[in-house]
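Residue-level listing of the chains:
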Amino acid sequence: MKSSPFVKLDGVAKRWNGQLGVEGITLDIPEGSFTALLGPSGCGKSTTLRLLAGLELPDEGKILIDTKDVTTSAASDRNLSMVFQSYALFPHLSVAENVVFGLKVRRVPKKERMEKLHRALEITGLLGLEDRKPGELSGGQRQRVALARAIVAGQRLCLMDEPLSNLDAKLRNAVRKDIKKLQRDLGITVVYVTHDQTEAMSMADTVVLMKDGHIQQVGAPEDLYSRPNNTFVAEFVGAPPMALLEADVLDGFGEGKTIGIRAENIQIVPKGDGRMCCTVTESEFLGAETLIGLDHAGATGLSVLKPGLAMMAEGNEIDITFNDENLHVFDVNGQRLAG
Amino acid sequence: MSAHANLERRRQAIYGWLLLSPAAVLLTLFAFYPSIATLWSSMFSRGTRRKPTEFVGTENYAELFADPTFWLVVKNNLLYAGVTIPVSIFIALSMALWANGKIRARGFVRTAYFTPTVLPMIAAANLWLFFYTPGLGVLDQIGSLFGLPSVNWLGQPETALWAIIIVTIWKEAGFFMIFYLAALQTIPEDLKEAADIEGASRWTYTRRIVLPLLMPTTLFIAVNAMINSVKLIDHLFILTKGGPSDASKLILYYIWEMAFAFFDAPSAAAMTIMVIAVLGIVAAVQFFYLDKRTHYQ
Numbered sequence: 001m002k003s004s005p006f007v008k009l010d011g012v013a014k015r016w017n018g019q020l021g022v023e024g025i026t027l028d029i030p031e032g033s034f035t036a037l038l039g040p041s042g043c044g045k046s047t048t049l050r051l052l053a054g055l056e057l058p059d060e061g062k063i064l065i066d067t068k069d070v071t072t073s074a075a076s077d078r079n080l081s082m083v084f085q086s087y088a089l090f091p092h093l094s095v096a097e098n099v100v101f102g103l104k105v106r107r108v109p110k111k112e113r114m115e116k117l118h119r120a121l122e123i124t125g126l127l128g129l130e131d132r133k134p135g136e137l138s139g140g141q142r143q144r145v146a147l148a149r150a151i152v153a154g155q156r157l158c159l160m161d162e163p164l165s166n167l168d169a170k171l172r173n174a175v176r177k178d179i180k181k182l183q184r185d186l187g188i189t190v191v192y193v194t195h196d197q198t199e200a201m202s203m204a205d206t207v208v209l210m211k212d213g214h215i216q217q218v219g220a221p222e223d224l225y226s227r228p229n230n231t232f233v234a235e236f237v238g239a240p241p242m243a244l245l246e247a248d249v250l251d252g253f254g255e256g257k258t259i260g261i262r263a264e265n266i267q268i269v270p271k272g273d274g275r276m277c278c279t280v281t282e283s284e285f286l287g288a289e290t291l292i293g294l295d296h297a298g299a300t301g302l303s304v305l306k307p308g309l310a311m312m313a314e315g316n317e318i319d320i321t322f323n324d325e326n327l328h329v330f331d332v333n334g335q336r337l338a339g
Numbered sequence: 340m341s342a343h344a345n346l347e348r349r350r351q352a353i354y355g356w357l358l359l360s361p362a363a364v365l366l367t368l369f370a371f372y373p374s375i376a377t378l379w380s381s382m383f384s385r386g387t388r389r390k391p392t393e394f395v396g397t398e399n400y401a402e403l404f405a406d407p408t409f410w411l412v413v414k415n416n417l418l419y420a421g422v423t424i425p426v427s428i429f430i431a432l433s434m435a436l437w438a439n440g441k442i443r444a445r446g447f448v449r450t451a452y453f454t455p456t457v458l459p460m461i462a463a464a465n466l467w468l469f470f471y472t473p474g475l476g477v478l479d480q481i482g483s484l485f486g487l488p489s490v491n492w493l494g495q496p497e498t499a500l501w502a503i504i505i506v507t508i509w510k511e512a513g514f515f516m517i518f519y520l521a522a523l524q525t526i527p528e529d530l531k532e533a534a535d536i537e538g539a540s541r542w543t544y545t546r547r548i549v550l551p552l553l554m555p556t557t558l559f560i561a562v563n564a565m566i567n568s569v570k571l572i573d574h575l576f577i578l579t580k581g582g583p584s585d586a587s588k589l590i591l592y593y594i595w596e597m598a599f600a601f602f603d604a605p606s607a608a609a610m611t612i613m614v615i616a617v618l619g620i621v622a623a624v625q626f627f628y629l630d631k632r633t634h635y636q
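Just so you know, the protein sequences line up as chains W and C, in that order. The first sequence begins at 1 in the working numbering and counts up by one. The second sequence begins at 340 in the working numbering and counts up by one.
In case anyone wonders, no lab produced these hints; they're calculated from the structure.
Subject to a maximum C-alpha distance of 27 Å in a straight line, what follows is the list of computed DSSO-like cross-link-like pairs (lysine-lysine): (1) K170/W with K133/W; (2) K631/C with K104/W; (3) K531/C with K8/W; (4) K62/W with K211/W.
All figures in this text were calculated on a predicted structure; none of them were measured in a lab.
My request is simple: use the sequences and hints to build the entire structure.
Here is the structure:
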């Protein structure tokens with residue numbers, strides 16, 4: 001067994017003209033895992049990926065891939081492949097030429113090239129489209145060409161920079177499954193950048209949530225969901241996100257703290273029996289359940305889920321309750337308190 | 340067909356003709372009619388006081404083919420085109436690739452390259468006259484520092500045409516560079532990154548990705564350079580006047596000489612027709628043949 005992780009970032013920092021890019025990124029990625037870098041725009045997740053790819057060089061820190069120090073290596077020496085957000089397909093080359101471009105550059109013999117091309121196109125379901133130009137393909141097909149190009153060389157590490165953001169919602173769901181299956185079948189290590197938390201939560205083994213160039217939390221999706229490190233994670237992960245209450249709304253929590261509670265842990269109770277009294281602001285019918293938005297002076301993002309179609313009139317006053325074991329407590333600085 | 344549909348069709352037709360007519364009128368007046376008039380007058384003899392003009396058919400053309408100066412001029416022009424077109428395209432491309440990179444003083448470099456284009460050809464020719472002048476000229480001054488003998492670049496048949504060629508390349512390359520620069524900016528940055536990750540060298544990337552994507556621009560520039568190699572003769576008037584002994588004479592200059600120095604309008608007309616024919620054929624080949632092999636985005 002390997003003792004050291006496949007990819008290791010150690011205290012990596014990159015600044016743009018003195019401004020913050022990313023700072024103190026330390027991350028271990030085991031071989032064969034699916035890691036998602038998640039965060040809002042401008043949080044440094046793409047920068048982290050580009051540092052890993054060798055498209056940018058870090059100002060500080062070390063990057064190791066397969067126990068080799070690649071901190072200052074050229075992108076081509078890192079033995080990885082990449083899928084770009086724009087796909088970066090060569091517009092004048094056919095699908096086949098696009099896919100084997102790297103093999104040709106690396107002087108792979110023609111016979112082997114054709115075999116690998118066939119296999120990559122088979123896996124991505126592109127057989128029969130070999131001679132098309134990217135301009136003649138649909139968005140989903142282009143995306144698959146980019147995937148085929150990334151897997152054709154058989155690199156063990158594949159980086160993906162928001163590969164689904166140019167697809168429509170339905171296609172996105174389908175391709176999400178395809179990518180996950182591909183990663184499992186080929187046993188490759190994937191580092192995947194996205195701003196969409198559903199994508200990250202549903203695909204990744206490990207989610208790395210970032211904000212303003214710093215890592216906020218690293219963990220399995222369920223860890224981020226059920227044990228958020230701080231209020232940012234709490235509010236970013238989950239749909240609907242966690243509601244945050246000021247501690248003085250409830251008894252027995254002391255001053256300055258923040259309490260988090262998820263919508264599914266809140267129950268509506270008859271008037272007078274609840275721990276809080278709120279006003280209904282909106283009702284959103286989601287199909288299997290209805291999301292009721294609530295307003296309370298000491299809370300943000302408060303909502304409750306009711307099964308089936310259960311619209312409530314705006315302005316209604318209702319009482320809600322919840323169990324203490326479902327509460328998340330954060331200190332004055334928004335950090336999670338043990339428990 | 341019902342009446343209103345018929346009316347509508349007629350309205351559309353009239354509308355179309357109205358849109359077409361300004362261009363049609365101007366082109367007819369200033370392009371088609373002069374071309375045909377030229378063709379017509381090329382088939383008449385040159386009238387003198389004693390011998391009036393008469394129809395001679397292709398005699399003017401036959402005379403031209405028998406004229407050794409004509410063939411010398413054609414040879415000069417072919418060499419001129421054969422050198423200026425590829426060299427100026429190559430230099431323009433190299434300058435654009437360089438000026439598009441991440442270099443210091445990029446704005447300055449671009450401006451410097453573009454300056455020759457802004458200068459009128461006559462001014463540029465005067466500038467180069469100062470470079471080429473024996474004894475006083477910059478080239479000779481530099482040469483004398485290394486003990487080289489004075490050379491009359493414009494005054495000897497072996498070098499005159501080459502001196503002209505260099506001025507043309509200097510003038511054209513900066514202009515073509517701008518087109519390449521514009522085209523280079525439409526190539527997305529991530530293509531370079533994707534090629535990097537695939538392990539392509541800078542040269543492979545340029546050859547397999549950049550040059551093919553620049554083909555539409557190259558085609559456009561090639562057609563322009565070809566037309567310029569016939570059209571651009573302003574500097575001849577300043578630098579050599581086609582001499583010495585016709586060594587640097589180009590075809591348009593010869594046409595001008597025929598028409599306005601020797602007053603042989605029919606010969607000039609015949610030559611003009613031949614130039615139009617050759618240019619037309621070459622442009623057609625460039626567009627119809629190369630167009631098919633070019634990727635447009």
